[in-house]
Structures are given as structure tokens and as C-alpha cells.
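Student: Chains as they are written, first to last, in the numbering used here: chain A, 1 to 115; chain B, 1 to 410.
Keep in mind the hints are simulated off the structure, nothing from the lab. Glycine residues also receive a C-beta, built at the ideal position from the N, C-alpha and C atoms. One or more hints might be untrue.
As the list claims (entries may be wrong) - Straight line, CA to CA, 25 Å or less: simulated SDA-like cross-link-like pairs of lysine to any residue:
1) B/Lys350 - B/Asn268
2) A/Lys66 - B/Glu263
3) B/Lys350 - A/Met22
4) B/Lys269 - B/Lys109
5) B/Lys139 - B/Glu129
6) A/Lys33 - B/Lys139
7) B/Lys350 - A/Ser67
8) A/Lys66 - A/Leu21
9) A/Lys66 - B/Asn268
10) B/Lys269 - A/Ala34
11) B/Lys305 - B/Pro322
12) B/Lys269 - A/Phe52
13) B/Lys350 - A/Ala34
14) A/Lys33 - B/Lys84
15) B/Lys269 - A/Arg6
16) B/Lys269 - B/Ala336
17) A/Lys66 - B/Lys153
18) B/Lys269 - B/Arg303
19) B/Lys350 - A/Ser48
20) A/Lys66 - B/Leu121
21) B/Lys179 - B/Leu121
22) A/Lys33 - A/Glu8
23) B/Lys350 - A/Glu72
24) A/Lys66 - B/Glu164
25) A/Lys33 - A/Arg6
26) B/Lys269 - A/Met1
27) B/Lys350 - A/Ile3
28) B/Lys84 - B/Asp58
29) B/Lys170 - B/Gly183
30) B/Lys269 - A/Glu72
31) A/Lys33 - B/Glu264
32) A/Lys33 - B/Pro322
To be verified - Covered stretches of chain B, going by a simulated chain A footprint (3 or more residues, C-beta under 8 Å):
33) 254-260
34) 308-315
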Amino acid sequence: MIITQRVEQNIDIVEISGRLLMADVEEARNSLKAIIQEGSGTLVLDLSQLSFIDSSGCGVLISALKSIRAREGRIGLCALTRNVRALLELTRVIELFSVFASTEVAMAAFSRQPQ
Amino acid sequence: MSTAEIPATATQTTASSRPISVLLIDDQLIVCEAVRRMLADEADIQFHYCRDPTDAIDQANAIAPTVILQDLEMPELDGLTLIKFFRANPSTREIPLIVLSTKEDATVKAEAFLIGANDYLVKLPDRLEMLARVRYHSKGYIAQLERNEAYRKLAESQRQLAAEVGEAAKYVTSLLPGKLSQGPVRIDWRFLPSTQLGGDSFGYYWLDADHFAIYLLDVSGHGVGSSLMSVSALNVLRSQSLPNTDFRDPGQVLRGLNTAFAEELHDNKYFTIWYGVFRQSTRQLSFSGGGHPPALLFNGAQRQKSALTPLVSTEPMIGIMPDILFTSQTVELGPAAKLFLYSDGVYEIKLASGEMWQFDEFEEFLCSAPTDAPVMDQLLGHIQELQGSEQLDDDFSMMEIDFFNDITHE
Numbered sequence: 001m002i003i004t005q006r007v008e009q010n011i012d013i014v015e016i017s018g019r020l021l022m023a024d025v026e027e028a029r030n031s032l033k034a035i036i037q038e039g040s041g042t043l044v045l046d047l048s049q050l051s052f053i054d055s056s057g058c059g060v061l062i063s064a065l066k067s068i069r070a071r072e073g074r075i076g077l078c079a080l081t082r083n084v085r086a087l088l089e090l091t092r093v094i095e096l097f098s099v100f101a102s103t104e105v106a107m108a109a110f111s112r113q114p115q
Numbered sequence: 001m002s003t004a005e006i007p008a009t010a011t012q013t014t015a016s017s018r019p020i021s022v023l024l025i026d027d028q029l030i031v032c033e034a035v036r037r038m039l040a041d042e043a044d045i046q047f048h049y050c051r052d053p054t055d056a057i058d059q060a061n062a063i064a065p066t067v068i069l070q071d072l073e074m075p076e077l078d079g080l081t082l083i084k085f086f087r088a089n090p091s092t093r094e095i096p097l098i099v100l101s102t103k104e105d106a107t108v109k110a111e112a113f114l115i116g117a118n119d120y121l122v123k124l125p126d127r128l129e130m131l132a133r134v135r136y137h138s139k140g141y142i143a144q145l146e147r148n149e150a151y152r153k154l155a156e157s158q159r160q161l162a163a164e165v166g167e168a169a170k171y172v173t174s175l176l177p178g179k180l181s182q183g184p185v186r187i188d189w190r191f192l193p194s195t196q197l198g199g200d201s202f203g204y205y206w207l208d209a210d211h212f213a214i215y216l217l218d219v220s221g222h223g224v225g226s227s228l229m230s231v232s233a234l235n236v237l238r239s240q241s242l243p244n245t246d247f248r249d250p251g252q253v254l255r256g257l258n259t260a261f262a263e264e265l266h267d268n269k270y271f272t273i274w275y276g277v278f279r280q281s282t283r284q285l286s287f288s289g290g291g292h293p294p295a296l297l298f299n300g301a302q303r304q305k306s307a308l309t310p311l312v313s314t315e316p317m318i319g320i321m322p323d324i325l326f327t328s329q330t331v332e333l334g335p336a337a338k339l340f341l342y343s344d345g346v347y348e349i350k351l352a353s354g355e356m357w358q359f360d361e362f363e364e365f366l367c368s369a370p371t372d373a374p375v376m377d378q379l380l381g382h383i384q385e386l387q388g389s390e391q392l393d394d395d396f397s398m399m400e401i402d403f404f405n406d407i408t409h410e
């Protein structure tokens, strides 16, 4: 798993690539928590390069959701691969998130609705 | 025998640093005195000497020096033999040993090193060199002792932790209901808690003469904390202690749990649950799922793909959002029906190759496994083979439930 972060138009864009499994959970959770605490309050997760996620990885997304809610921010998931979408649908976690086809679509949507 | 400790001046030690302790074995008093003088001004060095080589091992055992200085030529006991004794004696085996000899002979040096000496000085060396070598060897040995001590404490705390986890696993197992081998609902199950405890628990019971409740839950994370939370939820279900909740209505039960545990489930904790109620008179199974993998229903009791209906969760996990409206769904069961209820630990398997087993493959396994042995045992064996180890990373919890028709309570 690799996490990279950039800021565009005052939106935090975080790409999680590779696989998000139990062994990665602590690092991923802490990274996202720090980004959310110090960030703009709008977080776009680019999952286009995330090939696989398990239940504990799913927990990382839920933690991020809780953290962003705690500061009344917004979060969007983008470009879900087949495996990631399958698990999020199976667990109904997908219903908790705004899901976008790409980061561009997400950014356009969030930019239209400033906080 | 003549031994003595000559305290170094104003020796001070802190809790984190042991003092350097030198034991000199030499029959010549003049040498002992010369070495004592070399070390006398060093506040961090304690000096002991022993002039009788036959008493050297006992003295070393009692003093536990951080470095031994030893002569090679002594009456009664050959110096090389004494080195062998030091190396054979468990409590002095690792203590650095510096030979102090009058001989500047390569063969003797080589032999001394061969049998376990760590250094060789021709006596009497310069004071600065003596101090440097004593400090160098002692500090290495003290660091080794501290590493060993830290390792021992770590091993002990891990042992205690494993014992506590083992106790917690026993406790969870003791709360699980007995298998049902008679009656209209028959249940066999397997529960293998992982070494870390995965937070799984499950239960089932007759709510009344017509309604049978079945549930399995999995608290996020691992460890005793997850397990205690799991037991807490299990107790709420067993004692039916949710306010304004009809336990025959799965949606109401999950709503009640989500409200009840909203406060308790903080940080990164939540749980997935599948809760179903079988109504015998109508052969209807109503269920609600909170973020849980689907229960797999085979209508017709045979494990065939054509008869498979996944009873997919209706809503996400318990403890994430307070205002989720959990709903119930209902399916009709045929004259004979088989249901598998399990947690993610039975299919989220990291293969020996590093790849992950897929949920589809788990489903396929259940549909195609031979019928001559319990499928849960076959599955367990299969995933142990897939991951190349018997040790599971997560709890293995699974129930095989058979619903029979036209059988009265036996």
C-alpha cells in the first residue's frame, strides 16, 4: 500500500494504491487521520489504483468517514476498482459515502457546493 | 584464599547503567595491587581480586563481574584450563575474559582465543590501555545483559498477554450455545478463535414456540477489547434487553443495537451482524444484516449452486451512524433448507503466494465440496492449506443450519 497526498483547489486528494489489508491498517488510518485533521475539510480518496481491500481495510475508510464527520467535513470515494466496489457493496458501506467515477468528477461536484 | 573488594572512590550507579565490575585472578599480590591502582580513581569501576585460581569460579559466581582479568601462569591450576572452566560454567560463560600474561607468544595467544578468551594483554599494560579495554569489554557485556533482560521481560509480557487472550477465548467459547442435533432446526458450528482474538460471537434460541432467532456478529479489530465488546453485544441479544424491541423483528433488533451501542462503540470500533428469525408455522426466514457478509441459503438442503440464495446485508455496520433505519427482508424456505452463517475470517484468506482468496471462490467451495464429510471441516482444512499454515489470522466462526419440515419438537 502506498498513500500519496496533494492539494488542488483547497481539496485534499489522497491516492491509496496497491492493496489495503490488515497489515496496512494502522499506517493508513494514522495517515488519513493526520491529513483530515490538518486538511481543508474536503477529502477526495482516489482509489483507482487500489486493487484489493479486505474488511480491515474497509474499517480504514470508515475511520476516515468518522474523522471527517467529526469536523463536519466532506469525503468522496473515486474510481472504485471491481474488487473494492464488490466489498463495499457486500457490506453496504458504499451507502455511507458519496461515490464518483473519477477525482475530476468529485472535485467538480465539491467545487460547485462550497462548504 | 585471599579475595578482597576494593571499592572504587565515590562509586555511583544509576538505575539504567550497571557499574563496571572487574575480577582479577592472579596469584601475585604485586600484580593485584598494580591493577588496583590503575583502576582506583575510576568512579564507575569496582575492583575485586582473587589470588587462588581454585576459588576463582566461586568468586566469579558470587561477584558476577562484567569483565574477568586472568593470569595464565598460576600454581595449582593452569590458566588455560581455568579459561575452559569459566566457559563451561553457565553464569560466567558470556563474561568477557582478558588474559593477562607475561608471555608475548603468538601460539599461546591463539590457543587462549580458541578456548574462549576475548582479549590478551601482556602485563603490565599501560594504564590508559587497561582502562580502555576494561570499559570496552564491560560495556559490550552490560549491553548484552540489558538486551537479554529486555527480551526476557518482553517474552514474559507476551506470555502473560497470550494467557489473558487464551482466557478470554475460553470465556467467549463458554458463552456459545450447544449444537442442536434434533428438532426442526439443527445447528452444527465451528469456532476457532485466532491467537489475537477476532471479536466474533454467535448464538441462537427459540424466542417462543414458533420463532427461532439466529445471529452472528464480528467486532472490528482484534484483541481482548474487541472480544469483550462482542460478549457485551451477545449478552444484550441473549437477555433480550433492548428497549421497545420485538426480537422477532430483525430490523428492530439491529436498530436497537445501533442505538444501544452508539455510545459504547467509540474510536475505530463497530461491529457487523447478521440476525435472522425463522418462523416455523410459515417457514419464513426474515433477516437483517449490518455490514455482514451474506448468509448463504440453499433451498432444498443440497449444496448446489442452482439452489443458492445469498441473504445480503440490508444496511452497513452497527456503531458507525446513529440514524440508520435497519430493515428486514423475508425469504420462503422450502421443505428442507440449509443456511450457512459465518464471519469474514472464513474467506478473507491470504494465500501462501501473497494473493487473496476471493469471496466467489469461497462460495464455489461450499457448492462443490464433497458431501461425505462436514463441509465446515473441509473448508477449514482447505484455507489452512491455501495459506500454508494452520494458524489463522482471524477467528473462524461458522454455523451450518438445517431447517426441516414436518418434524415436531423432539
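Student: If a hint holds in the structure, say so; if it does not, say that too.
Tutor: Structure-based check of all given hints:
1. B/Lys350 - B/Asn268: holds (23 Å)
2. A/Lys66 - B/Glu263: Distance of about 14 Å is within 25 Å: holds.
3. B/Lys350 - A/Met22: Cα-Cα ~10 Å, so holds.
4. B/Lys269 - B/Lys109: With a Cα-Cα distance of about 65 Å, the restraint between lysine 269 of chain B and lysine 109 of chain B is violated, given a limit of 25 Å.
5. B/Lys139 - B/Glu129: Since the Cα atoms of lysine 139 of chain B and glutamate 129 of chain B sit roughly 15 Å apart, the hinted pair holds (cutoff 25 Å).
6. A/Lys33 - B/Lys139: violated (43 Å)
7. B/Lys350 - A/Ser67: violated (29 Å)
8. A/Lys66 - A/Leu21: holds (19 Å)
9. A/Lys66 - B/Asn268: holds (9 Å)
10. B/Lys269 - A/Ala34: Distance ~19 Å between lysine 269 of chain B and alanine 34 of chain A Cα, so the pair holds.
11. B/Lys305 - B/Pro322: violated (37 Å)
12. B/Lys269 - A/Phe52: holds (22 Å)
13. B/Lys350 - A/Ala34: Violated, at about 29 Å.
14. A/Lys33 - B/Lys84: violated (59 Å)
15. B/Lys269 - A/Arg6: Answer violated: lysine 269 of chain B to arginine 6 of chain A is near 29 Å, above 25 Å.
16. B/Lys269 - B/Ala336: violated (38 Å)
17. A/Lys66 - B/Lys153: Not OK: lysine 66 of chain A and lysine 153 of chain B at ~37 Å, beyond 25 Å, violated.
18. B/Lys269 - B/Arg303: violated (35 Å)
19. B/Lys350 - A/Ser48: Roughly 22 Å between the alpha carbons, so the hint for lysine 350 of chain B and serine 48 of chain A holds.
20. A/Lys66 - B/Leu121: Violated, because 68 Å separates the two Cα atoms, which is more than 25 Å.
21. B/Lys179 - B/Leu121: violated (75 Å)
22. A/Lys33 - A/Glu8: Holds. Lysine 33 of chain A to glutamate 8 of chain A sits at ~19 Å (cutoff 25 Å).
23. B/Lys350 - A/Glu72: violated (37 Å)
24. A/Lys66 - B/Glu164: Cα-Cα ~31 Å, so violated.
25. A/Lys33 - A/Arg6: This hinted pair holds, its Cα atoms lying about 15 Å apart.
26. B/Lys269 - A/Met1: holds (22 Å)
27. B/Lys350 - A/Ile3: holds (22 Å)
28. B/Lys84 - B/Asp58: It holds: about 15 Å lies between the C-alpha atoms, which stays within 25 Å.
29. B/Lys170 - B/Gly183: It is violated: about 28 Å lies between the C-alpha atoms, which goes past 25 Å.
30. B/Lys269 - A/Glu72: holds (20 Å)
31. A/Lys33 - B/Glu264: Distance ~21 Å between lysine 33 of chain A and glutamate 264 of chain B Cα, so the pair holds.
32. A/Lys33 - B/Pro322: This hinted pair holds, its Cα atoms lying about 21 Å apart.
33. 254-260: violated (count 0)
34. 308-315: holds (count 4)
Violated hints, listed in ascending order, are 4, 6, 7, 11, 13, 14, 15, 16, 17, 18, 20, 21, 23, 24, 29, 33; each of the other numbered hints is respected by the structure.
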